[in-house]
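**Q** Assemble chain B onto chain A, guided by the hints.
Those protein sequences? They're chains A and B, same order as listed.
According to our numbering, the stretch in the first sequence is residues 13 to 293, in order.
According to our numbering, the stretch in the second sequence is residues 171 to 510, in order.
Hints listed in this document are in silico derivations from the structure and should not be mistaken for laboratory results.
Some clues are possibly wrong.
[To be verified] Computed list of chain B residues with no C-beta within reach of chain A, every gap over 10 Å:
(1) Thr174
(2) Asp243
(3) Thr328
(4) Ala498
[Claimed, not checked] Derived CB-CB ranges, DEER-like:
(5) A:Ala188 to B:Asn457: 37 to 43 Å
(6) A:Asp198 to B:Gly433: 35 to 41 Å
(7) A:Pro218 to B:Gln235: 54 to 60 Å
As the structure is a computational prediction, the values presented were derived from the model and not from experiment.
Built from N, CA and C at the ideal position, the CB exists for glycine as well.
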Amino acid sequence: MGAPLLEHDRKASEVWKCLASVTDPELDEAVTELGFIEHVTVDDNDGVDIVFRLPTYWCSANFAFLMADDMRKAVSSLPWVREARPRLRDHMVAEEINRGVREGKPFGEALKDFAPGGSLDELREKFHRKAFERRQEFMILALRGVGFEDPAICRMDLRSFDDIDFDAEEVARQKARYRQILAERDLGALPGDRAFVTYEGRPIRPHEMTPYLQRLRGVRINMEFNSALCRGLLAARNGEPDVDKAGGASRASCAACGSGCAGQSVALPVVSAEKHSIVPS
Amino acid sequence: MFITPTGEEIFVVDGHTHFWDGSPANQLNIHGKQFIDCFYAYHSSLSPKDKLWPKDQFEKYSAEQMYQDLFVDGPDDMAIVQSTYLTEFYKNGFNTIDRNAEMAKKYKDRFIVNGAFDPRDGERALEYIHYMKETFGIKGVKLYTAEWKGDSRGWKLTDPNAYRCFELCAKLGITNIHVHKGPTIIPLDKDAFDVHDVDHAATDFQGLNFIIEHCGLPRLDDFCWIAVQETNVFGGLAVALPFIHGRPRYFAEVISELLFWVGEDKLLFGSDYAIWTPRWLVEKFWNFELPEDLKQEHGVDLTPQAKKKILGLNAARLYGVDVEAQKAKLAKAPHPIAAG
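Chain A on its own, in the form it takes in the complex (with noise of 0.2 Å):
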């Protein structure tokens, strides 16, 4: 293996590190557990072509206009990436929303001669909304698996929150997401703020406690229930026997709340420029 080669292969995975930070806002998971990038690949002059594909021809085109847009985002921002070239494939508006996300167009723009103009803004603040709930729940159940009580929760500060060590190591992970997504939002940015606020910034009160992870859970379930749909309708469409199914057993045993919603192994492809093995449709 020539040097030029290792150059590539790392430049690649650091594409794919990056990539990992874009989520299907729907799903509120990110695009390389999905299972949604087909190939990276780093050309000579350091232009990055990813070529996605989703789980239907139809799936909404907002959702994946937002994905390419955000990947186009996150992957110029490496330092050695000239241009990054996100670009869906095998989709009903492939065509428009590649076109639309290399020339920096707004969604209503880019798809003028199909949607109504605007923006997505809303459907964005929509799902942020949505992703932070998640996120929250999944926090607020695993400190009630440890043994805090609603009063300590509500009242809990970052800085508290921050010292809470927990062991399992995907609990780990969704704190800083947690704490990513609250950052996000202007939402607790001092150690004396409280960590546990509704969306629009009000503290939550104990007795409100139940009803309002009553609605959380809804949230969570709808998520959840997309994403494993999502997955084996693209499992389905590469004509692969759905890998996520095999790993459904220890993914339903999640040590926080026992939902399945995040015990997900983060098995990022790092090296291997072609995940899937394509069907030619």
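**A** Chain B alone, transformed into the frame defined by chain A:
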């Protein structure tokens, strides 16, 4: 009729079936191909391996086979067959009411044929509703709010034209409005999955029942919020139910959620035939027990009584089927295929 392991007879109304032609000969364009391919992906990803069909059989099947799968090999007593036009994808449509009614008339007392309309047709939609009532005596319709039409990329139940159609439906006794709020055909709109229009329409038309097919998946959480507030909003289990095989835990979570928010009186079984066949679904559903932790967490249970309602009694109530009379009628009539 489904016979339980203890010998009890359960009346089954399959709330969601199709008699389609998605064959290459009927496909108008690439969309027609991709549409049936997508259905086939649902079929292959969620069916037990021994229930998988070859692609060509899935694309187009005969009336005889449908009858066999539902009523002879399958446990259905009755089936609601939905109409889906998709005339922009298929030369003769995917499964129009004419095609469905032609099939249904061979099998007396078995099928409830539902119509379909598109409020964007304006006056013609109203005329078509009259035509379907007079010709086929429909009691229900299936609506696709995300369907493309000309420049339009979908519509909402709250559009003024839709309200005119609902007013007419209420007047003619077409009381069951099945709305496809689930995986959508062409969800190009900014948010074609949104279910909130159901809320307003259900409030404004108390005399109509809104059956939300696929329980609003992929917006189950939003759907539950609406259904809990509206007494005339129901959930159809098609697509959710097949998870009972490959991912029983997810199914348990979803059905618990639905029992908690929507309730056992407002959920309808549907196989979504021919995406899935009803026998294995009904068998697995009958044998399914909610895990103890979910029973406690949600404070609900999937009792035999709840299963009976979901499998048939709820749909019978919506369609005015007298279960005992219908059982007696069916017991007298042999299967036409067996009878030659």
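**Q** Could you run down the list of hints and mark each one as holding or not?
**A** Each hint tested on the structure:
1. Thr174: holds (28 Å)
2. Asp243: About 24 Å separates Asp243 of chain B from the closest Cβ of chain A, which puts it past 10 Å; holds.
3. Thr328: holds (16 Å)
4. Ala498: Label holds. Min Cβ-Cβ 40 Å, cutoff 10 Å.
5. A:Ala188 to B:Asn457: 37 to 43 Å: holds (41 Å)
6. A:Asp198 to B:Gly433: 35 to 41 Å: holds (39 Å)
7. A:Pro218 to B:Gln235: 54 to 60 Å: holds (59 Å)
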